[in-house]
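**Q** Residues 1 to 554 (my numbering) are what the first sequence spells out, left to right.
Derived from the structure by calculation, the hints contain no laboratory data.
If you're wondering where the values come from, they're calculated on a predicted model, not measured in any experiment.
Warning: the hint list may mix true and false statements.
Taking lysine-lysine and the DSBU-like style, the derived pairs with C-alpha atoms no more than 35 Å apart in a straight line are [claimed, not checked]:
hint	residue 1	residue 2
1	K39	K290
2	K39	K506
3	K353	K290
4	K240	K122
5	K74	K41
6	K41	K353
7	K506	K240
8	K122	K353
9	K240	K353
10	K240	K207
11	K74	K39
12	K74	K506
Derived Cβ-Cβ restraints for the label pairs, each shown as a range [claimed, not checked]:
hint	residue 1	residue 2	range
13	S217	F253	28 to 38 Å
14	H336	D458	54 to 64 Å
15	F253	S410	21 to 31 Å
We put the beta carbon where it would ideally sit given N, CA and C, even for glycine.
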Amino acid sequence: MTPEQLSQTIVDALSALVDRRELALTGGIPPEVRVERPKSKDHGDYATNIALQLARPAGLAPRDLAELLASELKASPAVASVEIAGPGFINITVDTAAQGEVARSIVEAGASYGASDALTGKRINLEFVSSNPTGPVHIGGARWAPVGDSLARIFSALGAEVSREYYFNDHGAQIDRFSRSLLAVARGQAPPEDGYVGDYVGEIAAKVVATEPHVLSLPDGEAQEVFRRVGVELMFAQIKQTLHSFGVDFDVFFHEQSLYDSGAIERAVARLTEMGNTYEADGALWLATKRYGDEKDRVLVRSSGAPAYIAGDCAYYLDKRERGFDLCVIMLGADHHGYVGRLMAMCQAFGDKPHENLEILIGQMVSLVRDGTPVRMAKRAGAVIFIDDLIEAIGVDGARYALVRYSSDSNVEIDIDVWTRASSDNPVYYVQYAHARLASILRNATQLGVVSVPDDFDPRLLSHDREGDLLRALAEFPRIVQTAAELREPHRLARYLEATASTFHKFYDNCRVLPHGSEEPADIHRARLLLVEATKIVVARGLGLLGVSAPERM
RNA sequence: GCGCUCGUAGCUCAGUGGAUAGAGCAACGGACUUCUAAUCCGUCGGUCGAAGGUUCGAAUCCUUCCGGGCGCGCCA
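With the sequences and hints as input, model every part of the structure.
**A** Written as C-alpha cells, this is what we have:
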C-alpha cells in the first residue's frame with residue numbers, strides 16, 4: 001500500500017458514497033486526495049484532511065463527513081483501522097500485509113522504482129553554471145552545477161528529454177580585459193586597472209607562453225590576440241575539466257560568439273521587430289520589455305550598431321526554442337535576479353508564455369566560512385574560492401552533497417571545517433554509510449546462503465514497528481521524486497535520504513536480518529532480507545539522482 | 001530612493017494552509033563477545049524578526065515595519 005494507492009482508495013470510497021447517493025458534492029469528486037504522513041504516531045500511518053476540505057461542498061459538518069468516509073474506508077482490506085480526530089482529520093492505519101507488499105513491489109521494479117512517465121514527451125532545456133571564461137568556476141556559479149545536474153537526472157527519471165547547457169560568454173569586453181590581464185602578467189607587469197587577478201591568471205599566462213613561445217616578442221596587438229585566442233581556449237578546457245571531475249557533464253557548451261558568427265543575432269532582432277516589440281530611439285534599437293512587466297525598456301542594438309548583451313540572450317533563447325525545447329530553464333545566482341524581469345519580458349516579446357516556456361530559477365548566495373571567518377568571493381579580489389578548491393577540500397561527493405542539500409532559496413553558509421573534519425559530521429557519509437551497511441548485509445546473506453524470493457514472500461511477517469516505519473519511508477520515494485521535480489528542489493531528495501537512512505539505521509538496531517551463528521534461515525530472515533534489498537534500491541537510486549556515489553563498502 | 005530575496009533552537013538548516021514547529025551539530029549521560037559503533041538510545045535547547053489582517057486552522061497567504069544579502073549601464 002503506497003500513499004498513491006491509499007489516495008486512490010479514498011477517491012474510490014468517495015465515488016461509492018456519491019453513487020449510492022449517501023453523499024452529494026457540488027464540485028464533484030476531487031481527482032486526487034492528498035495523504036500525509038502524520039508527525040505523531042498517535043495519528044496513524046497516514047492522515048487526510050479531505051473531510052475538512054469537502055465539508056462545505058458536501059454541506060456537512062467536517063466530522064460527519066469524516067464519519068461517513070471512515071465507515072466506507074474500513075471496508076477496504078488494505079486498511080486496518082480508521083480514526084477521526086480533531087476537527088475532522090481521518091487517521092488511517094494500513095494493514096500489515098498491504099504495507100509489506102511495498103518491499104516486494106520495489107524489488108520487482110528494481111532500478112526503475114521512483115521513475116514514471118509524468119514528463120514523457122516533454123523537452124526541457126536546462127541552462128546552468130554559465131560562468132564567464134575569464135576564470136575558473138567560482139563557488140557562486142558552482143551551486144547550480146550539482147543542483148542543475150540533479151534536476152536533469154530527476155526530469156529524465158520522469159521521462160523528460162533533457163539537455164544540460166552551458167552558455168560561454170566568449171564575446172565582449174570582459175574577454176579583452178582577460179587577455180590584457182594575461183599579457184600583463186606574462187610580461188611581469190601590473191595587471192590593468194579593470195583586469196583580472198588571482199593565481200590562475202599567472203598559470204594560464206604561463207601555459208600560453210609555453211604553447212606559443214614567440215608571443216612575448218610580438219607587438220602588443222598581436223600578442224594580446226594570441227593570449228585571447230589561446231588563453232580563452234585553455235580556460236574553456238579547464239572549466240570543462242573541472243565540471244567533468246565534478247560529475248557534471250553538459251550536453252551542449254554554447255558559445256555566445258557563435259550567435260554572432262551565424263547571424264542568429266540578426267535573425268532574433270528581426271523576429272522581435274516583426275513581432276512589433278522593438279523601436280528606435282536615440283539612435284539605438286530598443287526592446288519594448290516594459291509592456292511585458294519589466295521595469296524599463298532595454299537597448300537591443302546600441303547606437304554604434306553593436307548588439308547589446310541582451311541580444312545574445314534573445315538569440316540563444318530563440319535557438320533553444322527552434323531546437324524544439326518546450327521549456328527552457330535558466331538557473332542564475334542571486335546577483336543576477338535583476339535579469340528575471342527582462343528575460344521573462346523577452347519570452348513574451350517572442351510570443352511565448354512565461355513560466356510555461358521559460359522559467360528562471362534564482363539561487364541565493366553560497367558563502368564559505370573557514371576558521372570562523374567568511375571567505376571572500378568577489379572574482380577580482382585575489383582570495384577567491386573556486387569549485388576546484390571546494391572539491392579538493394571535501395571531495396566530489398561531499399561538495400556535491402553540500403551544495404545540493406539546501407534549498408536554493410536560502411543563503412547558505414558552508415563551513416569548510418565542518419565538511420572537512422570528522423566524517424560523522426557530514427550528512428553525506430550518514431546516507432552513504434547506510435548504503436554500505438545494506439550492501440554488507442546482502443554480501444553476508446549470500447555467504448550464509450540466505451536468499452529472498454519475492455514470489456515466496458509473506459508480507460505479514462514485517463510487523464515490527466521499525467519495519468513499518470521503513471516500509472512507509474520507502475513507499476514515499478516516488479512522491480518525493482515527483483515533488484522535487486515539480487518544485488525544482490532536489491534538496492528534498494537529499495533530506496528524504498537522510499530521514500530514510502535514519503529509519504533504516506533504527507531498523508537495523510532493532511531487527512536482526514540474518515540468522516545468528518548456527519540458527520537456520522527462517523521466513524522472517526528472508527522477509528527482512530527482501531526489505532533490505534528494497535531499501536538498498538531506494539538509497540542507491542536516491543543518491544544516483546543527486547549524482548552522489550553509493551559505495552558498497554566504507 | 002526603487003526592486004528582488006532571505007530572517008525558524010547556541011550553530012548550520014528542514015518544514016509546497018493542518019494536529020504538541022523538526023533534524024544534524026554543539027553540551028551532557030548511556031549502548032559494541034552477535035549482520036559495518038561512520039550506528040543507536042536518552043537529556044538539554046523556540047516570542048518561527050515585530051505588529052496587524054485573511055479562516056475552522058498561519059512558520060507558511062496579504063499589508064506595514066525592522067534587520068541581513070543582492071541588484072538597479074547604449075558593461076558583459
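**Q** Compare the structure with each hint and give your call.
**A** Do the hints match the structure? See the list:
Proximity of K39 to K290 is assessed by CA-CA distance (about 47 Å); at most 35 Å being required, the pair is judged violated. Using a Cα cut-off of 35 Å, the hinted pair K39 and K506 holds, with the two alpha carbons roughly 17 Å apart. Among the hinted pairs, K353 with K290 is consistent with the structure: their alpha-carbon atoms are about 16 Å apart, no more than 35 Å. A threshold of 35 Å between alpha carbons decides the hint, and for K240 with K122 the separation of about 27 Å falls inside it, so the pair holds.
For the suggested pair K74 and K41, the alpha carbons sit about 19 Å apart, so the restraint of at most 35 Å is met. This hinted pair does not check out: K41 and K353 have alpha carbons roughly 45 Å apart, beyond 35 Å. A distance of roughly 42 Å separates the Cα atoms of K506 and K240; the hinted pair therefore is violated under the 35 Å criterion. Only pairs whose Cα atoms come within 35 Å are accepted, and K122 paired with K353 is accepted, the gap being roughly 16 Å.
Between K240 and K353 the alpha-carbon distance is near 33 Å, which keeps this suggested pair within the 35 Å criterion. At most 35 Å may separate the alpha-carbon atoms for a hinted pair to count; K240 and K207 meet this at roughly 17 Å. For the hint linking K74 to K39, the alpha-carbon distance of about 22 Å falls within 35 Å, and the restraint holds. For a cut-off of 35 Å, the pair hint linking K74 to K506 stands: about 31 Å separates their Cα positions.
Checking the proposed 28 to 38 Å range against S217 and F253 shows it holds: the Cβ atoms sit about 33 Å from each other. The given range of 54 to 64 Å is respected by H336 and D458, whose C-beta atoms sit roughly 57 Å from each other. At roughly 30 Å, the beta-carbon separation of F253 and S410 lies within the given 21 to 31 Å, and the hint holds.
Consistency note: the structure conflicts with the earlier hints numbered 1, 6, 7.
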